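*Asks:* This is what each chain is made of:
Protein chains: 4
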Amino acid sequence: MTIFEDVESEVRSYCRNWPVVFDTAKGAELWDVDGKRYLDFFAGAGALNYGHNPEPLKQKLLEYLSRDGITHGLDMYTTAKGEFLNTFRDKILGPRKLNYKVQFPGPTGANAVESALKLARKITGKEAMVNFTNAFHGMTLGALSVTGNSMKRGGAGVPLVHSTPMPFDNYFDGKVPDFLWFERVLTDSGSSLNDPAAVIVETVQGEGGINPARIEWLQGLADLCKRHDILLIVDDVQMGVGRTGPFFSFEAAGIEPDIVTISKSISGYGLPMALVLIKPEHDVWGPGEHNGTFRGHNPAFVTGTEAIHRYWSDDTLEREVIRKGEKVEEAFNKIVADTTVTELTAKGRGLARGLQFTEHDQAGKVCAAAFERGLLMETSGPDSEVMKILAPLTITDDELDEGLEIVAESVKTVTSGA
Amino acid sequence: MTIFEDVESEVRSYCRNWPVVFDTAKGAELWDVDGKRYLDFFAGAGALNYGHNPEPLKQKLLEYLSRDGITHGLDMYTTAKGEFLNTFRDKILGPRKLNYKVQFPGPTGANAVESALKLARKITGKEAMVNFTNAFHGMTLGALSVTGNSMKRGGAGVPLVHSTPMPFDNYFDGKVPDFLWFERVLTDSGSSLNDPAAVIVETVQGEGGINPARIEWLQGLADLCKRHDILLIVDDVQMGVGRTGPFFSFEAAGIEPDIVTISKSISGYGLPMALVLIKPEHDVWGPGEHNGTFRGHNPAFVTGTEAIHRYWSDDTLEREVIRKGEKVEEAFNKIVADTTVTELTAKGRGLARGLQFTEHDQAGKVCAAAFERGLLMETSGPDSEVMKILAPLTITDDELDEGLEIVAESVKTVTSGA
Amino acid sequence: MTIFEDVESEVRSYCRNWPVVFDTAKGAELWDVDGKRYLDFFAGAGALNYGHNPEPLKQKLLEYLSRDGITHGLDMYTTAKGEFLNTFRDKILGPRKLNYKVQFPGPTGANAVESALKLARKITGKEAMVNFTNAFHGMTLGALSVTGNSMKRGGAGVPLVHSTPMPFDNYFDGKVPDFLWFERVLTDSGSSLNDPAAVIVETVQGEGGINPARIEWLQGLADLCKRHDILLIVDDVQMGVGRTGPFFSFEAAGIEPDIVTISKSISGYGLPMALVLIKPEHDVWGPGEHNGTFRGHNPAFVTGTEAIHRYWSDDTLEREVIRKGEKVEEAFNKIVADTTVTELTAKGRGLARGLQFTEHDQAGKVCAAAFERGLLMETSGPDSEVMKILAPLTITDDELDEGLEIVAESVKTVTSGA
Amino acid sequence: MTIFEDVESEVRSYCRNWPVVFDTAKGAELWDVDGKRYLDFFAGAGALNYGHNPEPLKQKLLEYLSRDGITHGLDMYTTAKGEFLNTFRDKILGPRKLNYKVQFPGPTGANAVESALKLARKITGKEAMVNFTNAFHGMTLGALSVTGNSMKRGGAGVPLVHSTPMPFDNYFDGKVPDFLWFERVLTDSGSSLNDPAAVIVETVQGEGGINPARIEWLQGLADLCKRHDILLIVDDVQMGVGRTGPFFSFEAAGIEPDIVTISKSISGYGLPMALVLIKPEHDVWGPGEHNGTFRGHNPAFVTGTEAIHRYWSDDTLEREVIRKGEKVEEAFNKIVADTTVTELTAKGRGLARGLQFTEHDQAGKVCAAAFERGLLMETSGPDSEVMKILAPLTITDDELDEGLEIVAESVKTVTSGA
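Protein chains in written order, with numbering that gives the first Met the number 0: chain C, 0 to 417; chain S, 0 to 417; chain R, 0 to 417; chain F, 0 to 417.
It is worth saying that the hints were derived from the structure and are not from the lab.
Pairs of lysine-lysine, DSSO-like flavour, derived with a Cα cap of 27 Å:
id	chain 1	residue 1	chain 2	residue 2
1	S	LYS57	S	LYS90
2	R	LYS225	R	LYS278
3	C	LYS125	F	LYS121
4	S	LYS57	C	LYS25
5	F	LYS57	R	LYS57
6	R	LYS25	F	LYS57
7	S	LYS121	R	LYS121
8	C	LYS90	C	LYS57
9	R	LYS174	C	LYS174
10	R	LYS326	R	LYS25
11	C	LYS57	S	LYS25
12	R	LYS326	R	LYS364
13	S	LYS57	C	LYS59
14	F	LYS174	S	LYS174
15	R	LYS333	R	LYS346
16	R	LYS278	R	LYS125
17	S	LYS57	C	LYS57
18	C	LYS59	S	LYS25
19	S	LYS90	S	LYS100
20	C	LYS121	F	LYS125
21	C	LYS125	F	LYS125
22	F	LYS59	R	LYS57
23	S	LYS121	R	LYS125
Fair warning: this is a prediction, and the values are worked out from it, not measured in the lab.
Produce the entire structure from the sequences given, and follow the hints as far as they go.
*Replies:* Right, dumping it as structure tokens:
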């Protein structure tokens with residue numbers, strides 16, 4: 000581990016909580032160089048929804064690489080990209096009656112968010128954005144300007160000024176009608192709100208603390224955007240690709256965003272890849288107006304295509320995610336009930352689940368206790384006050400039970416001060 | 000090809016000039032779905048310095064994937080990352096007597112540039128930047144603010160305001176002393192120049208038109224930065240990893256930038272990967288102050304490690320690049336001499352070479368004529384007035400000769416109006 | 000009038016509603032070139048709190064000009080400035096136990112606001128501001144960025160980005176606890192609110208529609224600022240100098256702002272003059288860090304000094320303003336009660352009074368009807384939906400009755416559609 | 000003087016160099032409270048071109064005030080404003096064949112500059128500006144963004160970002176062709192220059208160090224603006240109203256700016272007043288889109304009207320200014336020739352004259368030495384390295400001789416170290 004401490008920048012972070020050197024991984028399990036096994040309730044921060052190195056995708060990937068399929072293709076037409084687009088259209092968009100043009104904006108979520116913001120500004124001719132409290136959209140300058148976390152914002156080094164925050168769902172514990180403030184400043188021509196090009200929203204805020212927006216709130220937001228001629232961008236980078244159950248997290252609300260960003264699990268194998276989905280009437284990009292070297296990462300197209308075939312040809316996975324999510328919910332509810340020394344709050348949707356601690360630092364302590372017991376979990380929330388579970392969607396029931404048991408033990412140990 | 004026209008966004012660009020579907024690739028060659036072969040003088044815009052799917056790297060990659068080495072690792076410690084860092088330190092930094100901390104900022108050049116700018120602002124507490132005319136640093140909001148191209152800047156949708164342009168080397172054809180304007184506004188407290196945190200520079204501007212800065216200009220710039228307490232960021236995303244001969248393009252000038260950005264060819268296989276190199280005294284990042292999902296793309300570490308072993312254990316490749324570059328230069332000089340109907344200018348360094356056309360649109364026409372003859376080349380420059388060669392560094396002499404022959408024919412055809 | 004239409008810019012505004020040429024004025028009366036008399040319920044938008052050309056001030060002014068007292072003095076020491084400062088300290092600050100340093104920032108309210116914002120940023124090292132919905136602080140770029148009106152903001156031509164709006168008192172008709180949103184985003188480190196240097200507030204919003212903040216709201220705001228280490232700037236340009244009764248409009252709340260801006264009526268004679276009051280510990284200006292040609296407008300110091308002597312040596316004026324304000328309130332309440340065809344709302348404090356119309360355009364029609372009857376009044380509010388009274392504080396009871404009678408008639412005529 | 004030190008903000012500046020209390024003034028003379036006389040080579044930083052309290056203007060002013068002419072008129076039509084507009088059109092614009100609409104933007108130069116910038120942005124729909132090195136345009140946020148001085152810029156507290164500096168005339172001592180850099184970045188679509196709405200320029204930079212732009216440079220600039228469709232704003236706040244000879248300082252160049260800002264001496268009496276002159280086709284303001292409380296300062300209209308009658312009915316004053324300017328030039332040349340211990344440079348135009356010191360701090364020392372001898376002068380330039388003369392245009396030859404004698408003595412004393 001010396002090499003990392005000697006050579007890698009101080010910016011490194013997760014490794015500080017998990018000070019081992021990982022070597023191999025499969026499904027919901029990782030092994031370090033000493034052969035010690037870890038159960039994974041983190042899944043690459045949501046980039047490994049099908050677990051590590053899923054076998055069917057691996058076979059397709061090895062095959063493609065072996066036959067010298069083109070690896071790096073910029074935005075050239077390739078067979079791998081063509082197959083991905085066909086599959087995405089036929090298996091994802093078509094059955095959901097969604098009509099989107101697909102942009103490959105570069106391989107990260109931040110690339111997708113930057114593209115979405117640029118496009119929304121081009122479509123509308125307006126520069127202002129609206130983001131929500133505790134939003135997380137990425138670390139490049141545009142994405143950071145719509146992100147909530149003050150430590151990360153501080154890193155920008157220039158004022159982040161082109162977006163105005165609005166309260167996310169349930170920001171006032173239900174005591175204030177939805178959109179009261181947002182709607183008021185939009186209709187009041189003296190409010191000083193800069194007229195927004197678009198609203199960017201996560202349906203469940205992951206980094207913000209596993210905050211699910213209610214279905215009716217999302218519908219209200221879509222309606223508000225429509226009435227006020229504001230574009231609606233759903234950032235589905237973390238909650239898309241089945242994390243909450245359906246492929247798109249916004250399906251449950253029956254809304255159709257103008258722009259959608261997708262990344263993390265879209266390749267299915269942890270390979271860098273991202274999409275921007277654009278309603279056809281909004282596809283006003285000029286050729287090359289946004290570009291990037293790694294837009295055509297063909298191995299990711301190959302695994303992404305197979306992932307869709309394998310997991311999204313029917314609704315099995317969606318139902319499984321909902322079922323497992325309820326299992327986690329039950330386990331969390333039991334932990335909440337069993338914990339009498341402090342107040343915990345369980346929250347989440349599908350397999351994005353959080354346990355919020357009144358004593359903020361306990362969330363991190365529980366993760367540390369779990370790591371000692373061989374379980375990988377992380378915290379989220381503005382004060383790292385939420386213990387977060389983002390297990391692979393394909394995790395077995397046994398693994399899930401095993402992990403939830405460790406969680407319960409760890410919570411007990413930490414909250415009891417043992 | 001219908002699928003692309005039906006489903007992919009209008010932003011797609013290269014594919015418009017090369018309207019075929021590519022399938023496989025090896026070395027300096029690609030084949031489309033119909034089995035037609037293309038010679039590659041583009042090399043993924045500099046991301047494929049060792050050509051497509053180089054066999055030794057491929058074997059290591061297949062091996063790693065086959066044994067379920069961890070694929071996606073955020074910023075966790077992994078064996079693959081450890082090996083990359085060890086190799087990079089021992090084979091790249093050490094022999095050059097360079098001392099840098101390594102940050103993995105996310106897998107694209109834009110991620111690296113955004114990180115570099117944020118870090119420079121944090122180090123200095125200043126917000127302003129200086130960039131050069133015809134610079135290209137990326138398409139995210141921070142990177143775009145230091146980029147020259149007006150069409151790409153226009154895509155931002157918000158004023159790009161935190162950087163002031165200075166003339167790149169030879170901007171006035173040698174008629175004005177180097178840094179006359181830059182130095183003057185720095186020393187004049189009434190100039191209205193916002194005091195810059197850093198200067199960001201490419202040693203050879205690729206997208207800007209294959210403009211090489213003279214060695215003495217680079218040295219002068221480093222000296223100016225030192226005297227005025229400005230950080231020097233060299234963006235070596237395109238010109239690093241041997242494109243101009245040495246591993247780092249700035250080696251020839253004997254300068255030591257404060258921050259270096261690396262991407263494109265660093266994985267050696269076209270896999271997304273990027274680095275920020277930081278002088279140890281400037282590594283003031285807090286843990287997690289910059290993050291991103293795909294910072295730990297382990298397959299790229301594996302191929303990147305093998306690429307260093309294979310190509311940078313001695314100076315063979317460096318000498319080969321210089322030799323082949325001179326070969327291209329000779330061929331270009333001959334074309335220039337043979338072309339009497341219009342004036343051409345040959346420029347470049349190493350294997351980054353350009354041929355500038357007085358009649359701007361001829362550059363694109365030559366590329367189109369070359370494509371008809373099975374050669375992939377692209378234009379660059381603010382008016383796409385430069386025909387650009389970024390051939391794989393590992394291209395064979397026969398392939399190089401073959402391509403240069405096509406170039407000569409294509410130029411002749413276009414300029415003669417045939 | 001041809002000359003104005005021929006030569007003056009289209010930006011001219013009030014004159015469009017009052018298309019006559021005014022010539023002389025005294026107290027609450029004006030006369031046009033044809034000798035027609037107008038009663039003034041506008042008082043120079045609050046710049047003529049003692050009416051037009053008040054005789055005692057006029058005598059001092061004539062005397063000073065006659066003896067060739069220095070007129071233009073930049074920020075040189077002059078006897079006129081010294082006397083003003085002495086009088087301001089002894090008669091205004093001292094009796095109120097307020098301790099402020101006095102800056103002469105240039106002769107307009109906008110100069111004062113720009114200075115206040117610059118100073119708050121210098122004191123705190125932060126760039127962000129908080130302003131309130133429907134605020135009005137001026138038309139220069141800094142002042143405009145904290146102003147609410149979208150039409151006026153649109154005139155900036157650059158994004159106005161360094162301030163975030165918060166709801167002014169009663170923005171939700173009392174249904175939401177005070178400062179719920181403001182306090183929440185301040186304490187939530189994930190809210191994306193840029194940490195504010197200062198809050199700028201009017202105690203009664205004049206241009207925003209004659210919206211008085213409740214005393215307890217102002218106290219709550221002062222308390223919030225203190226707890227969160229935010230500077231409190233009260234913009235008393237329009238509501239200061241007795242408009243609401245006491246010299247400073249914030250006196251009733253017993254709060255002590257960190258910075259206060261004063262202009263409009265401070266010279267007492269309609270002569271351009273402005274002040275910034277700064278708590279001594281915050282007077283961190285460097286010499287000349289803010290300057291301006293007309294900071295030392297000595298005739299204004301002369302009339303300003305006499306105004307303080309004449310009107311602020313005891314509490315007679317303050318009590319009179321409150322009494323006359325109640326008189327207006329009663330008259331307005333009667334108009335509201337008598338108007339059954341539409342709903343009117345009376346609001347205001349002291350002699351800043353408004354009558355809000357449910358049918359927005361009726362406010363302007365009432366002003367037009369009043370003008371036909373020889374009474375000058377204007378509208379305010381984001382949709383010009385409020386008929387506004389800013390009569391001279393020194394208006395006689397007869398004049399006030401006369402004007403209120405015209406108002407009642409005009410409202411009746413307009414709302415009855417007669 | 001205690002009152003100033005006790006109560007006035009630390010921002011006060013001129014008074015620190017002239018620590019006396021001034022009381023009366025007439026023409027080119029001031030007297031302090033002790034009756035000590037001072038000769039004025041400063042003239043209110045150019046606001047007193049006709050000297051202090053010029054008798055004919057004073058009579059008109061007293062008369063107007065005595066008859067209760069309306070003092071404060073917002074943008075209402077008044078007889079005083081009408082007469083000013085008529086006179087300005089007939090005596091100033093007409094004879095010069097200039098066609099401008101007149102805006103009263105508020106009573107200071109900064110108000111005029113802010114208006115001009117807003118209007119230029121509205122006309123063009125572009126946000127970027129170009130300013131020149133060592134420009135001074137005012138201290139409000141918009142005006143400051145086009146101002147050069149780094150200390151004053153630092154006071155803004157937010158990044159000043161919407162303007163790019165270009166070299167003023169002679170910035171490289173004539174070694175570089177005019178507009179080489181400016182023209183190059185305009186025509187190079189890869190330069191990263193934000194496409195400017197307008198250029199703002201002073202024909203002679205006063206605060207910047209009394210730098211006169213050559214006539215041919217101004218003509219070249221006007222031509223460049225025309226060719227590139229950029230609006231030309233001449234800021235004639237300090238150099239207009241005869242300071243360099245003609246009423247408008249740009250007359251000598253025969254150019255017609257799109258927008259002109261005027262203030263300082265336009266009232267002729269040191270009363271706050273400012274104008275924006277707008278080519279009729281550019282008068283796209285909406286009513287009230289820019290406003291302000293003190294736009295209608297009628298006493299200033301009265302004196303401004305009389306000043307035009309008195310001084311601009313023929314070309315006497317213009318010729319006198321040129322003659323006196325040459326007198327100063329000769330005196331300066333003699334001082335330069337007589338000073339052998341250090342190098343001095345004389346510069347200027349008309350009665351805006353400067354003497355630049357190689358040893359920067361000597362300029363301030365000379366002013367201090369002159370003050371001891373009863374002469375008021377100030378420094379300018381980014382390092383206060385220029386001793387500046389802005390004597391009243393109406394100064395007598397005797398007074399001028401007297402002052403120049405003091406200057407010569409003071410320079411001799413300081414440079415000889417006596």
